[in-house]
Amino acid sequence: MIAVFFCGWSVLRFGQINLTLSDILLSAVLIAMLFRGEINSKPFGNLTIFWFGGLGLMLLGLLVSTLINGSVDRWLIVGTQYLFAFFLMPVLITGQNVLLTRTLPALFVLGIAVSQLIGISASMLFDNSDTKALMGDGFLTGNGRLGAMTGEPNPNGAMIAFSLPMLLYSVRRGIMPPGIGLLCGVLLAWGLLASGSFTGFSAALIAIGVYLGVSGLRMLMRASLVAAVALGLLLASGIPLPAAFENRVAGALTTGDLAQAGTYTGRSALIEEAWEMANDNILVGLGVDQFRVVSGHGAPVHELHLLIWNEGGVVALAGLVIILLTMFAAAFIVVTRSRAEGAMILSVVVVFNVYTFSIPHMYSRVWVLPVLLALSTYFARRSTPYRPLGQAVVSR
-8 MIAVFFCGWS VLRFGQINLT LSDILLSAVL IAMLFRGEIN SKPFGNLTIF WFGGLGLMLL
52 GLLVSTLING SVDRWLIVGT QYLFAFFLMP VLITGQNVLL TRTLPALFVL GIAVSQLIGI
112 SASMLFDNSD TKALMGDGFL TGNGRLGAMT GEPNPNGAMI AFSLPMLLYS VRRGIMPPGI
172 GLLCGVLLAW GLLASGSFTG FSAALIAIGV YLGVSGLRML MRASLVAAVA LGLLLASGIP
232 LPAAFENRVA GALTTGDLAQ AGTYTGRSAL IEEAWEMAND NILVGLGVDQ FRVVSGHGAP
292 VHELHLLIWN EGGVVALAGL VIILLTMFAA AFIVVTRSRA EGAMILSVVV VFNVYTFSIP
352 HMYSRVWVLP VLLALSTYFA RRSTPYRPLG QAVVSR
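Sequential numbering of the sequence shown, starting at -8, is according to our numbering.
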C-alpha cells in the first residue's frame, strides 16, 4: 500500500538510476510473496499467454537486433527493466486479494494528489533556482511548469490523467468519501493545468470521457452537473489560470495550431525521421538505445511503436502490439461483466496508449503500474488466505 502511494513520486529515487522508493518496496513484497507461495502465475486469466508471449517477442526482437548491431550490455539493462515492470509486477499485483486491490487505486490517487499539494505549495513560495538542488530541475521548471514529486511536468500530467478515472471509480465504489474525493479532484485539476502538458490535458479529457461514456447516462449527468458548478465557481472567483497552461496548452486549443503545444514540432520531426528509417529496420533493428546514436537529432523518437520497431525490428513491434491489444481485450471483457471496474480499466488503458505516441521506452513502473492497479480490481485473487512464512500451500 505504501509502494502504491509513492508510485508516482519519481523524485524519491536512488541517484540517477531508474530505481525508486516504490520499486524497493515492491521488490520486498515480491520476495515475501515468493516465500509464501502467493505469486499469481496467470495474472490476466486466459489472456496471460498473450501478455507474456508479447513481452517475450518484444524482448527477443530487441535482443537479436542488439546482438547484431548494438551492445548487449544495454539490452541487459533495458530487458531487466521491462521484465520487472511487465512480468514481475503483474504476478505481484494480481496476487493480492481483490478486496485489497480495489482500494489501491484510491491510494494511488491520494499519492498523486499529495504530490500536487506539495508542488503547488512550493510554487507559491519558491522558484526553480530554490528547488533545483534538492528536488531536481523538473520539480518546478524554469518556465514555471509543475513536475511535483513525479519530477517532470509531462509525466506529472500523465499521472494525473491516470488518477482521474481512478478517483471517479473510488468515489463511486464508496472507497473514498465524496469530500476527500472533491479535494483530491481540485488538487489534481490544478496540478494538471500547472504542468502545462498538452498530452496530459488531452489524455485526461479522453479518459474522463471514456469513463463517463461507459458508466452510463446517470453518471454522465452527475459529472456534467459537478463540472458545470466547478467551472462557474472558477470563473466567478476570477482566479487566473496557471501561466504554464496558458502558454503551452490554451493557445493550441483555441487556435488549433499544434505548433504551440510545447515541443510538438521537435517530436514530430523525430517521428518523421523514425518512419523513414523503419524501412531499413524491418527484420533486424538497430539494437537497444541505438536510435539516438544514428538519429540526426541525437535523441530517441518519442513514439514507442516506432522506437521498438527501429531498435528491435518487426518481431519486437509485433510483441508490443500484442501487449497493447491484450490490455484492451482485458478491459472490454471486464466492461461486459462489471461496469464500474470496466469503465475505470478501459479509461486507464486508453491513457497508457495515448502516451505510447509521445514517450520512448516505457519500462518505468510509473507507466505500467497504474494499468496493473486498474486491471487488478477485477483480475486479482478472490481469496488469499493468510499463512505463516514457509507453510506449504495445501489448496486454493
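Treat each hint with caution, since some may be false.
[What the hints assert, rightly or not] Label-pair ranges, simulated between beta-carbon atoms:
id	residue 1	residue 2	range
1	Val285	Gly170	23 to 33 angstroms
2	Leu25	Pro231	37 to 47 angstroms
3	Ser32	Asn238	24 to 34 angstroms
4	Gly6	Asp121	18 to 28 angstroms
5	Ala23	Val63	24 to 34 angstroms
6	Ser18	Trp266	34 to 44 angstroms
7	Ser329	Leu51	29 to 39 angstroms
By construction, these hints were calculated from the structure, which means they are not laboratory data. Since the model is a prediction, treat every value here as computed from it, not as a measurement. All C-beta atoms in this analysis are idealised placements derived from N, C-alpha and C, irrespective of residue type, glycine included.
Confirm or reject the claim that Ser18 and Trp266 have a C-beta distance inside 34 to 44 angstroms. 38 angstroms, holds
Range first: 37 to 47 angstroms. Now tell me if the beta carbons of Leu25 and Pro231 are that far apart. At 53 angstroms between Cβs, range violated.
Would you say the C-beta atoms of Gly6 and Asp121 sit inside 18 to 28 angstroms of each other? The hint (18 to 28 angstroms, Cβ to Cβ) holds, given that Gly6 and Asp121 are roughly 22 angstroms apart.
Pairwise beta carbon distance, Val285 to Gly170, judged against the given window 23 to 33 angstroms: 54 angstroms, violated
Between Ser32 and Asn238, is the Cβ distance one that fits in 24 to 34 angstroms? Since Ser32 and Asn238 have Cβ atoms about 49 angstroms apart, the given range 24 to 34 angstroms is violated.
Tell me if the beta carbons of Ser329 and Leu51 are separated by a distance inside 29 to 39 angstroms. Given range 29 to 39 angstroms: holds, Cβ gap about 35 angstroms.
Does the Cβ-Cβ separation between Ala23 and Val63 fall within 24 to 34 angstroms? Cβ of Ala23 to Cβ of Val63: about 32 angstroms, so the range 24 to 34 angstroms holds.
Comparing the model with each numbered hint stated earlier shows that hints 1, 2, 3 do not hold.
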